[in-house]
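Letter by letter, the chains look like this.
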Amino acid sequence: MTIDIQLLTTPLDTNVCQQWVEAPDKGGLVLFVGTVRNHTQGKEVLRLDFEAYEPMAISEMRKIAMTITERWPESRVAIHHRVGQLAIGDIAVIIAVGTAHRAAAFAACQYAIDTLKQTVPIWKKEIFADGEVWVAAHP
Amino acid sequence: MTIDIQLLTTPLDTNVCQQWVEAPDKGGLVLFVGTVRNHTQGKEVLRLDFEAYEPMAISEMRKIAMTITERWPESRVAIHHRVGQLAIGDIAVIIAVGTAHRAAAFAACQYAIDTLKQTVPIWKKEIFADGEVWVAAHP
Amino acid sequence: MEIKVLAFGIARDILGGPELKISGPENLTVGRLLELLKERYPAFVDLTSLAIAVNAEYANENQPISAGDEIVIIPPVAGG
Amino acid sequence: MEIKVLAFGIARDILGGPELKISGPENLTVGRLLELLKERYPAFVDLTSLAIAVNAEYANENQPISAGDEIVIIPPVAGG
Chain Y
1 MTIDIQLLTT PLDTNVCQQW VEAPDKGGLV LFVGTVRNHT QGKEVLRLDF
51 EAYEPMAISE MRKIAMTITE RWPESRVAIH HRVGQLAIGD IAVIIAVGTA
101 HRAAAFAACQ YAIDTLKQTV PIWKKEIFAD GEVWVAAHP
Chain G
1 MTIDIQLLTT PLDTNVCQQW VEAPDKGGLV LFVGTVRNHT QGKEVLRLDF
51 EAYEPMAISE MRKIAMTITE RWPESRVAIH HRVGQLAIGD IAVIIAVGTA
101 HRAAAFAACQ YAIDTLKQTV PIWKKEIFAD GEVWVAAHP
Chain W
1 MEIKVLAFGI ARDILGGPEL KISGPENLTV GRLLELLKER YPAFVDLTSL
51 AIAVNAEYAN ENQPISAGDE IVIIPPVAGG
Chain P
1 MEIKVLAFGI ARDILGGPEL KISGPENLTV GRLLELLKER YPAFVDLTSL
51 AIAVNAEYAN ENQPISAGDE IVIIPPVAGG
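Chains as they are written, first to last, in the working numbering: chain Y, 1 to 139; chain G, 1 to 139; chain W, 1 to 80; chain P, 1 to 80.
Just so you know, these hints were derived from the structure itself, not from any lab.
Be careful, since some hints might not be right.
Said to hold, decoys possible - Using 30 Å as the maximum straight-line C-alpha spacing, the simulated DSSO-like pairs for lysine-lysine come out as follows: (1) Y/Lys-63 x Y/Lys-117; (2) Y/Lys-125 x W/Lys-38; (3) P/Lys-4 x P/Lys-38; (4) G/Lys-125 x G/Lys-63; (5) G/Lys-117 x G/Lys-63; (6) Y/Lys-43 x W/Lys-4; (7) G/Lys-125 x P/Lys-21; (8) Y/Lys-43 x Y/Lys-117; (9) G/Lys-125 x G/Lys-43; (10) G/Lys-43 x G/Lys-117; (11) Y/Lys-125 x W/Lys-21; (12) G/Lys-125 x P/Lys-4; (13) P/Lys-21 x P/Lys-38; (14) P/Lys-4 x G/Lys-117; (15) P/Lys-38 x G/Lys-117; (16) Y/Lys-43 x Y/Lys-125; (17) W/Lys-4 x Y/Lys-117; (18) P/Lys-4 x G/Lys-63; (19) W/Lys-21 x W/Lys-4; (20) P/Lys-38 x G/Lys-125; (21) W/Lys-4 x Y/Lys-125; (22) W/Lys-38 x W/Lys-4; (23) Y/Lys-63 x W/Lys-4; (24) W/Lys-21 x W/Lys-38; (25) Y/Lys-125 x Y/Lys-63; (26) P/Lys-21 x P/Lys-4.
What the hints assert, rightly or not - Computed footprint of chain P on chain G, listed as stretches where at least three residues anywhere in the stretch have a Cβ under 8 Å from a Cβ of chain P: (27) 51-63; (28) 116-125.
Where a beta carbon is used, it is the ideal one built from N, C-alpha and C, also for glycine.
All chains should be built: construct the whole structure from the sequences, respecting the hints.
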């Protein structure tokens, strides 16, 4: 196996993802780490609640990873996404890609996070002091 | 300070770089991890020896980081490069960039590694079973 | 035909619960289900997007729905 | 004027050591130093590139060299 897909309720670990994609023939690793920011459009965020339609979230993340291994052969991919209640600074997602050369690792990692945000059925609700809002739900 | 530049003879640590660029207002972190590959152009590599013209290597890495903080305001940057004798799989360089949004972090991290390979006075010698060669020295 | 529809995120808030039982014609399609949902819950019209997953795969509007399918309303996703 | 030139990487191998003492004219420039080096060590001509750092900064060919400067030969770099 060259891909590792996980949907977790516990804190994510960059080392675990990095170790998954390391290999003696992989000279370039690129990791994207998405964390919970403390504000959005000027408003202070207290926390974020993530939920997923789990079987489909996993299968859609797997599709992204499989596409990467097809488009950039010999790559290794880890995608870990967290669900549940996250505090400011917590890691929501880690994507790690290892390839022989760095340009492919950058392109594949960016493809993965861009696609994840478009296709993977995960939702997040931003909690403010005066209310809450489902992110991206409304134009 | 928002930049951390290090030239080290000891193993590099992704966590240290990640923690440097984490901040409550940084939602996207991109890390590039460059490791020693076990072959180059079909030949098996036994190990790599890195050396640096140290004061200039540090000042050129600092220029890269300063350019990033100017071009992508409010970014945080860590660049750690190792020197000395490295085995297959060892990490030679880690570049971490944290920004509010991910597109800037990808662009800045790629800019950093591309520029580092062009300007920073660090040299590496690949050691094969039957000889050794200074990388990139000859056309 | 009675089908069960699951909902996540803002779709669950709009339905007022994680599950909806709906009576539709025997030859129900994904497109017709979306129309039924928007008729009954106009708040769905205001969303950035609205999709239906059938058995954990995105379904196009022409796809027929069978009694045993797992049907899920997918409001705009926001992972990462 | 006698100046001291430091060398790293393949430049050190070409010089046969990390340091070279060289006698040049009083109005020595970086460009003239590069010419002197290539005349004395033709192996420098075969490199992908060759630069000179003066006091830890890349120097252009017109830059004059003074007696106290730290002069370093920079063969093709390969960090990362």
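Now the hints, each set against the structure:
In summary, the hint linking Y/Lys-63 to Y/Lys-117 is supported, as the alpha carbons are separated by about 13 Å, within the 30 Å threshold. A distance of roughly 22 Å separates the Cα atoms of Y/Lys-125 and W/Lys-38; the hinted pair therefore holds under the 30 Å criterion. For a cut-off of 30 Å, the pair hint linking P/Lys-4 to P/Lys-38 stands: about 16 Å separates their Cα positions. Only pairs whose Cα atoms come within 30 Å are accepted, and G/Lys-125 paired with G/Lys-63 is accepted, the gap being roughly 25 Å.
Of the supplied pair hints, the one linking G/Lys-117 and G/Lys-63 holds, its CA atoms being roughly 13 Å apart against a limit of 30 Å. Of the supplied pair hints, the one linking Y/Lys-43 and W/Lys-4 is violated, its CA atoms being roughly 38 Å apart against a limit of 30 Å. A hinted pair counts as satisfied when its Cα atoms are at most 30 Å apart, and G/Lys-125 with P/Lys-21 qualifies at roughly 25 Å. Taking the CA atoms of Y/Lys-43 and Y/Lys-117, the gap is near 22 Å; set against the 30 Å cutoff, the hint holds.
Under the criterion of a C-alpha separation no larger than 30 Å, the hint pairing G/Lys-125 with G/Lys-43 is consistent with the structure, at around 14 Å. Simply put, G/Lys-43 and G/Lys-117 have alpha-carbon atoms about 22 Å apart, close enough for the 30 Å limit, and the pair holds. With a CA separation close to 25 Å, the supplied pair Y/Lys-125 and W/Lys-21 stays within the 30 Å bound. A hinted pair counts as satisfied when its Cα atoms are at most 30 Å apart, and G/Lys-125 with P/Lys-4 qualifies at roughly 25 Å.
Of the pairs offered as hints, the one joining P/Lys-21 and P/Lys-38 holds, with about 15 Å between alpha carbons and a cut-off of 30 Å not exceeded. As the CA atoms of P/Lys-4 and G/Lys-117 are separated by approximately 27 Å, the hinted pair is consistent with the 30 Å bound. A C-alpha spacing of about 24 Å is found between P/Lys-38 and G/Lys-117, which places the hinted pair at or below 30 Å, so the restraint holds. For the hint linking Y/Lys-43 to Y/Lys-125, the alpha-carbon distance of about 14 Å falls within 30 Å, and the restraint holds.
As the CA atoms of W/Lys-4 and Y/Lys-117 are separated by approximately 27 Å, the hinted pair is consistent with the 30 Å bound. Only pairs whose Cα atoms come within 30 Å are accepted, and P/Lys-4 paired with G/Lys-63 is accepted, the gap being roughly 27 Å. Proximity of W/Lys-21 to W/Lys-4 is assessed by CA-CA distance (about 5 Å); at most 30 Å being required, the pair is judged to hold. Restraint check for P/Lys-38 and G/Lys-125: the C-alpha separation of about 22 Å stays at or below 30 Å, so the hint holds.
Proximity of W/Lys-4 to Y/Lys-125 is assessed by CA-CA distance (about 25 Å); at most 30 Å being required, the pair is judged to hold. A threshold of 30 Å between alpha carbons decides the hint, and for W/Lys-38 with W/Lys-4 the separation of about 16 Å falls inside it, so the pair holds. Note on Y/Lys-63 and W/Lys-4: the hinted pairing holds, with a Cα-Cα distance of about 27 Å set against a maximum of 30 Å. Only pairs whose Cα atoms come within 30 Å are accepted, and W/Lys-21 paired with W/Lys-38 is accepted, the gap being roughly 15 Å.
With a C-alpha separation of about 25 Å, the suggested pair Y/Lys-125 and Y/Lys-63 falls inside the 30 Å cut-off, and the hint holds. Restraint check for P/Lys-21 and P/Lys-4: satisfied, since their Cα atoms lie roughly 5 Å apart, inside the 30 Å limit. Only residues whose beta carbon comes within less than 8 Å of a beta carbon in chain P count, and the region 51-63 of chain G has 7; three or more means the coverage holds. Coverage of the region 116-125 of chain G by chain P holds [criterion: at least 3 residues with CB-CB distance below 8 Å; count 10].
Hint violations for this structure: number 6 only, all remaining hints satisfied.
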